[in-house]
Amino acid sequence: MTHWADKTAERILKLQTAPSPPGGALQLTCASGISPSGPVHVGNLRDIVTIWFVGKAIKEKGAPVRLLHSWDNYDRFRKVPANTPANFTEFIGRPLSKVPDPFNCCPSYAAHYEKEFETSLLEMGIEIEFLNQTKLYESGLYCDAILEAVSKRHAIYDILQKFRTQAGSSEERDGYYPITLYCERCGKDTTQVSATSSESHIAYHCTECQHDGEQDLKHARNIKLPWKVDWAMRWRHEKVVFEPGGKDHATAGGSFEVSSEIAKDIFHYRPPIFQPYEFIGLKGLTGKMSGSSGVLLTPGDALKVYQPEVLLSVFAKMPPNKAFDLVLDDGIYRVYDEFDRANSKTPLEREIALSRIPGRSPHAVAFKQLASFCGIVQGNDAALELIFTRMGTPYKSELFEERLQKAENWLSEYAPEQRLVLREKRDDDYFNALTPAQKNWIVSLYDFLATKQCTLDEATHEVYEIPKKDQPPDTDLIPHQRDFFKIIYHLLFGKEKGPRLGTFFAAVPKEQYLSLLEFRTG
RNA sequence: GGGCCGAUAGCUCAGCUGGUAGAGCACCGCCCUUUUAAGGCGGGUGUCCUGGGUUCGAAUCCCAGUCGGCUCACCA
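According to the numbering used here, the stretch in the first sequence is residues 1 to 522, in order.
Any given hint might turn out to be false.
Subject to a maximum C-alpha distance of 27 Å in a straight line, what follows is the list of computed DSSO-like cross-link-like pairs (lysine-lysine) [unchecked claim]:
1) K7 / K56
2) K56 / K79
3) K510 / K425
4) K510 / K469
5) K396 / K439
6) K14 / K61
7) K56 / K304
8) K135 / K79
9) K439 / K425
10) K115 / K304
11) K469 / K452
12) K345 / K56
13) K304 / K283
Restraint ranges, calculated between C-beta atoms of paired labels, are given here [to be verified]:
14) S361 / P436: 53 to 63 Å
15) A382 / E90: 53 to 63 Å
16) H237 / P319: 28 to 38 Å
17) E417 / F324: 24 to 34 Å
Simulated from the structure, these hints should not be mistaken for laboratory data.
Bear in mind that the values here come from a model prediction, so they are computed numbers and not experimental data.
Glycine included, C-beta positions come from ideal geometry on N, C-alpha and C.
Using the sequences and the accompanying hints, generate a full structural model.
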């Protein structure tokens, strides 16, 4: 079965019948765009990842590709998100690139979230061209297009009106300008065109600061086209042939349809192939995820628990039109397992091939195994190497340390109840409440551990042997052994369950736990 | 009000252009001398949402309905 990225690549190539420009191969531009109106979350990642995979597929078919991502940071700051100081309401109406960084570490609000996101992309080996829309608008690059749009303002109005449910009016039509003008005095978009003296000269009034100003559209540096017009204009400007977008844009009468019509009728450009994508949910963030709390997951958060190629493979596996939940509960075991399985196949699964990051060779020590060893080795890589050696799979720490770190992050962030940490000090109360026979078990165990450097087999044998003592020959031993294990888990971790004890005692340096088992009876 | 998507095992889902219902997890059983959160092997537990239709044959195609989710219409 053909992978979705290859199908899309074929569609793009098939439509691209135009002859190559003289002197150069035809470049297929795939575009993505995100408005950094707050933290850029994993859902937005789908925009980038879609062109990334499709771009790879096109390249493999031998066509040159340009991948670009627009930071739509000249969009207005519309509302203050939950994690931002409330007094940021004073910046509403300014471009996102002219709002200060609430964390005070980047040149602007937009820059902060852009940087955060770009860092994650880099970690995933995604390299694309970034376009800063503020810079492009302010450079005057789009002046001609703005002029063009304004000269066709009534036609644009008519197109927009066609898709609106509200009735328009001739006054509205007469006064319509397809521009957003940021006030020269206060920087906000609370402006209205008040008069036009020529083809390109306009006067405006700012309702916020009451400033009256004039602009010449030929040279203006503070004017932006509104979304649907902007989108169409940029398709033409960058010769975009493919662009994904959230499914909200895809609906009948939605922005893609409207922009397409503007592109055709106003800018005489054939709209790109559009790939709507479904949104991404989160699984395992019970209670943490809610609109009001403003908690959302950034790619950086996801990368704390997912190795980059594993995260990529999750996106690669799902066609864009499929919604899926990013797994953060213990289903993460399965995600890693499926990755490892697919990754070891020959020929390689397509989604894995697309997710590979040059220079990295993802290893396959099971995530689940690492997660359960987190509690055993207590952060001690050498101890884990020893365990693996004794288990007959002598992995070195370079092989597992990255994934081990992800497992530790996952345990502490999303499964703290499963996380095992050795107790700080001996639990005398618990010990004293035990029966004399149980106390004897612990003492025997301590004597065994304190006097002998044991192998895994010896330790395993011993922990099963101890509860056998003093039992009548026909006793069902299993309940006793279970009790014994439970007691040890309590003394070591304060929990009902724990790792295999033979493994634990044989591998972990004794000084880390021996004092927790040292009790004197009588 | 318009549009889109989904409904299959306890859970998450796969089943593409019709041909005897599948996978992983969970669960149960067994093995590694008895075994716990290492490991290995075996086992499928089902009104394929409902009702019609097309067909030799429908989870699959068509129509209608039920339930759930999303989205548009103001702005980006």
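Verification of the hints:
no.: 1; hint: K7 / K56; result: holds, 12 Å
no.: 2; hint: K56 / K79; result: violated, 37 Å
no.: 3; hint: K510 / K425; result: holds, 14 Å
no.: 4; hint: K510 / K469; result: holds, 24 Å
no.: 5; hint: K396 / K439; result: violated, 39 Å
no.: 6; hint: K14 / K61; result: holds, 12 Å
no.: 7; hint: K56 / K304; result: holds, 26 Å
no.: 8; hint: K135 / K79; result: holds, 22 Å
no.: 9; hint: K439 / K425; result: holds, 18 Å
no.: 10; hint: K115 / K304; result: holds, 17 Å
no.: 11; hint: K469 / K452; result: holds, 19 Å
no.: 12; hint: K345 / K56; result: holds, 21 Å
no.: 13; hint: K304 / K283; result: holds, 16 Å
no.: 14; hint: S361 / P436: 53 to 63 Å; result: holds, 56 Å
no.: 15; hint: A382 / E90: 53 to 63 Å; result: holds, 55 Å
no.: 16; hint: H237 / P319: 28 to 38 Å; result: holds, 29 Å
no.: 17; hint: E417 / F324: 24 to 34 Å; result: holds, 25 Å
In summary, the structure is inconsistent with hints 2, 5 from the numbered list given earlier, while agreeing with the others.
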